[in-house]
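Given the sequences, and given the hints that come with them, work out the whole structure.
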Amino acid sequence: MNNLLKGICVFAAKAVGTTHAVLREIFDEAAYSRFLSRAGMVSSSEAYAAFRREFEEAKMRRPKCC
Amino acid sequence: MNKTLAFLGWGTVAVLGAVAVGAIALHRGEPINALWLVVAATCCYALGYRFYSKFIAAKILSLDALRATPAERLENGRDFLVTNKWVVFGHHFAAIAGPGPLVGPVLAAQFGYLPGTMWVLAGAVFAGCVQDFVILLFSVRRDGKSLTEMAKGEIGRVGGFVAYVAVIAILIILLGVVALIVVNALKASPWATFTIAMTMPIALLMGVYLRRIRPGKVLEVSALGFALVLAAIWGGQYVSQNVALAKLFTFSAPTLAILIMVYGFAASALPVWLLLAPRDYLSTFVKLGTIALLAVGIVALHPTLHMPALTRFVDGTGPVFAGKIFPFAFITIACGAISGFHALISSGTTPKMIARETETRMVGYGAMMAESAVAIMAIIAACVMQPGVYFAINSPAGIVGEAPATGAATISSWGFPVTAADMQALAHAVGEQTLYDRTGGAPAFAVGMAHIFSHSLGGETLMALWYHFAIMFEALFILTILDAGTRVARFMVQDALGHVYKPLGRTSWYPSILATSGLIVAAWGYFLWQGLKDPLGGINSLWPLFGIANQLLATVAVCVATTIIIKMHRATYAAVTLVPLAWLVAVTFTASWHKVFDANPRVGFLAQARVLATGPMTSETTRVIFNNRLDAAVTGVLVVMVTLVLVESARQWVGILTGAREERVKESPFVRTRFAQEQG
Chain A
1 MNNLLKGICV FAAKAVGTTH AVLREIFDEA AYSRFLSRAG MVSSSEAYAA
51 FRREFEEAKM RRPKCC
Chain B
1 MNKTLAFLGW GTVAVLGAVA VGAIALHRGE PINALWLVVA ATCCYALGYR
51 FYSKFIAAKI LSLDALRATP AERLENGRDF LVTNKWVVFG HHFAAIAGPG
101 PLVGPVLAAQ FGYLPGTMWV LAGAVFAGCV QDFVILLFSV RRDGKSLTEM
151 AKGEIGRVGG FVAYVAVIAI LIILLGVVAL IVVNALKASP WATFTIAMTM
201 PIALLMGVYL RRIRPGKVLE VSALGFALVL AAIWGGQYVS QNVALAKLFT
251 FSAPTLAILI MVYGFAASAL PVWLLLAPRD YLSTFVKLGT IALLAVGIVA
301 LHPTLHMPAL TRFVDGTGPV FAGKIFPFAF ITIACGAISG FHALISSGTT
351 PKMIARETET RMVGYGAMMA ESAVAIMAII AACVMQPGVY FAINSPAGIV
401 GEAPATGAAT ISSWGFPVTA ADMQALAHAV GEQTLYDRTG GAPAFAVGMA
451 HIFSHSLGGE TLMALWYHFA IMFEALFILT ILDAGTRVAR FMVQDALGHV
501 YKPLGRTSWY PSILATSGLI VAAWGYFLWQ GLKDPLGGIN SLWPLFGIAN
551 QLLATVAVCV ATTIIIKMHR ATYAAVTLVP LAWLVAVTFT ASWHKVFDAN
601 PRVGFLAQAR VLATGPMTSE TTRVIFNNRL DAAVTGVLVV MVTLVLVESA
651 RQWVGILTGA REERVKESPF VRTRFAQEQG
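Top to bottom, those sequences are chains A and B.
Using this note's numbering, you'd call the opening residue of the first sequence number 1 and step up by one each time.
Using this note's numbering, you'd call the opening residue of the second sequence number 1 and step up by one each time.
Among the clues, some could well be false.
[What the hints assert, rightly or not] Using 25 Å as the maximum straight-line C-alpha spacing, the simulated DMTMM-like pairs for lysine to aspartate or glutamate come out as follows:
hint, chain 1, residue 1, chain 2, residue 2
1, A, 59, B, 72
2, A, 59, B, 75
3, B, 502, A, 56
4, B, 287, A, 56
5, A, 14, B, 220
6, A, 59, B, 460
For the record, the hints were derived by calculation from the structure and aren't laboratory data.
In this text the structure is predicted, and so the values were computed from the model without any measurement.
See the structure below:
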């Protein structure tokens with residue numbers, strides 16, 4: 001019983017973690033984190049502006065379906 | 001033991017699926033429950049994924065878990081990036097799921113729930129999912145190349161050129177038609193217009209929050225933006241009830257069209273990141289949330305479908321759009337079954353994020369199944385309404401008459417009873433002045449969605465709020481597609497013009513930006529204006545035109561896939577893409593023929609032009625005649641170009657199969673993945 005409960009908890013934690021990761025990726029938060037670690041910067045309005053500048057053109061070229 | 005259990009389990013799914021499909025297909029007379037559609041879809045997707053996609057993966061594509069993907073080999077932390085498969089799945093689904101799978105099935109519901117449901121299920125499992133899956137894998141094996149580049153590399157210059165032109169044409173027609181849907185949803189509706197107008201200051205606030213207060217916290221600010229949008233929807237009812245405010249937010253269709261064109265131009269030409277990026281995130285947030293909520297609502301309420309399995313309009317006399325069930329049901333529903341546009345996403349950002357080849361099955365095949373499920377939800381939303389109400393909302397005044405009583409009488413005479421009082425009561429319940437002549441599919445979907453939501457959450461009193469929530473949801477992400485699509489088309493045109501005169505290709509050179517943005521907005525604005533002036537409601541001619549262009553792009557994508565499969569010496573299994581290709585050719589070429597040459601003026605562009613030419617000539621008539629001839633020419637040019645691709649491909653296939661040609665696939669060389677080495 002304990003094992004089953006533990007399994008359910010692990011599964012639920014994994015599901016929440018994955019959903020959070022998916023949302024972070026869709027909403028570009030993960031891309032911003034990668035940018036910060038690549039550029040060796042900490043989060044600030046300047047860093048975010050630099051991130052947007054770098055990603056804007058690539059994002060604008062990304063097609064979205066009908 | 002495990003094998004026996006699996007056999008029994010999958011056998012049960014197959015039997016259940018067969019019973020559900022049988023019930024949908026054979027049931028006549030009494031209304032059926034929406035759960036039959038849900039069960040049939042779930043079983044078909046499960047079987048298709050477990051068996052058909054596995055067969056394709058093993059026998060044709062030979063997915064290789066040891067082969068390094070471009071995300072691993074070319075990783076740069078930006079475009080190329082090894083990403084968790086569920087994250088890629090979410091990313092891919094968010095990119096392919098637009099208004100298409102919602103609007104197409106709603107329009108095709110004029111034939112009844114059966115044709116749309118069957119096409120969505122069979123089309124997705126045997127064609128759409130297959131296209132997305134194989135194109136994704138082929139792009140992964142070619143360093144993430146785009147469809148246009150693959151068509152050029154595998155079929156030749158003609159293939160590349162046609163794919164390029166088809167993409168531009170689809171984008172322009174798509175933008176025109178979705179703009180028309182927004183105009184029809186917002187015209188004479190102060191509540192809806194106020195809500196959409198409010199998304200702009202909300203987006204500005206989100207932009208400032210993202211930039212100044214909590215940099216990069218998009219999820220957090222999107223949740224905040226979503227709460228503010230809900231407040232705007234709530235506030236909209238007070239605007240609609242206040243005479244002065246209602247007047248301020250009440251616009252005619254032409255005024256709304258001009259405003260949308262100005263918005264499209266500004267979004268493409270000006271550096272308005274403060275407004276656009278937050279709106280984009282807000283739109284995605286609303287889209288994902290609403291789709292999930294609708295799925296829960298349908299399962300919780302399991303409503304009854306009042307629309308019959310088949311209506312009298314299978315004969316081609318439908319008021320929503322003219323044309324027989326074949327081929328028009330199959331081009332009206334594109335995104336939920338097979339959409340050429342998906343091939344652009346499958347060969348765009350997604351292949352650059354895949355960590356292992358084996359994951360292309362889940363991402364390519366699986367995400368398309370999810371999109372198909374959205375189309376099934378749209379069919380349910382359209383068919384829960386009384387058919388008379390559905391036709392009253394979706395029929396143009398030019399067909400049923402201007403006055404409510406005339407419209408209700410015409411629709412009732414078709415065997416779908418509805419009264420002017422019913423429609424007035426419904427309009428009152430959803431907070432609108434009228435629901436007649438609200439063509440385009442969006443208002444009908446909103447009424448169906450409001451019906452499902454209000455019966456699951458909050459009761460009838462919240463009907464108006466749910467209706468405007470649904471309108472806001474559709475309009476918001478259609479506007480996002482308008483600005484994203486205009487920019488994508490602008491870049492494509494700039495890339496091409498750069499070959500003629502270098503500065504025109506510079507995406508930061510303002511004269512080029514303004515000229516190309518103006519060109520693209522003028523092109524889709526033309527189609528939008530044409531739709532507004534069309535006496536048959538615009539959707540009648542524009543949606544089929546968009547469907548034809550989209551399915552012709554799918555024809556090019558499946559042609560590329562077939563060519564690669566034959567070059568891979570897997571011709572024995574080429575039917576997997578050849579059968580969808582043959583179907584697409586039959587559907588699109590027949591539809592194109594009808595749209596250009598059919599003698600019925602409601603179907604054929606040239607026939608309508610001829611009929612108009614015999615009547616009294618005004619400047620309006622002259623323009624409609626020109627528009628019809630232009631639509632016929634656009635259709636004809638697209639068909640001729642796709643024919644060239646087909647001929648070129650067939651020449652290659654015959655050459656390879658007869659041994660006259662020695663052709664090799666143009667894949668990147670095999671590199672062993674470091675993940676396998678790490679695992680020992």
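_Hint compliance check: list the failing hint numbers for this structure, sorted ascending._
Hint 6 contradicted; others consistent.
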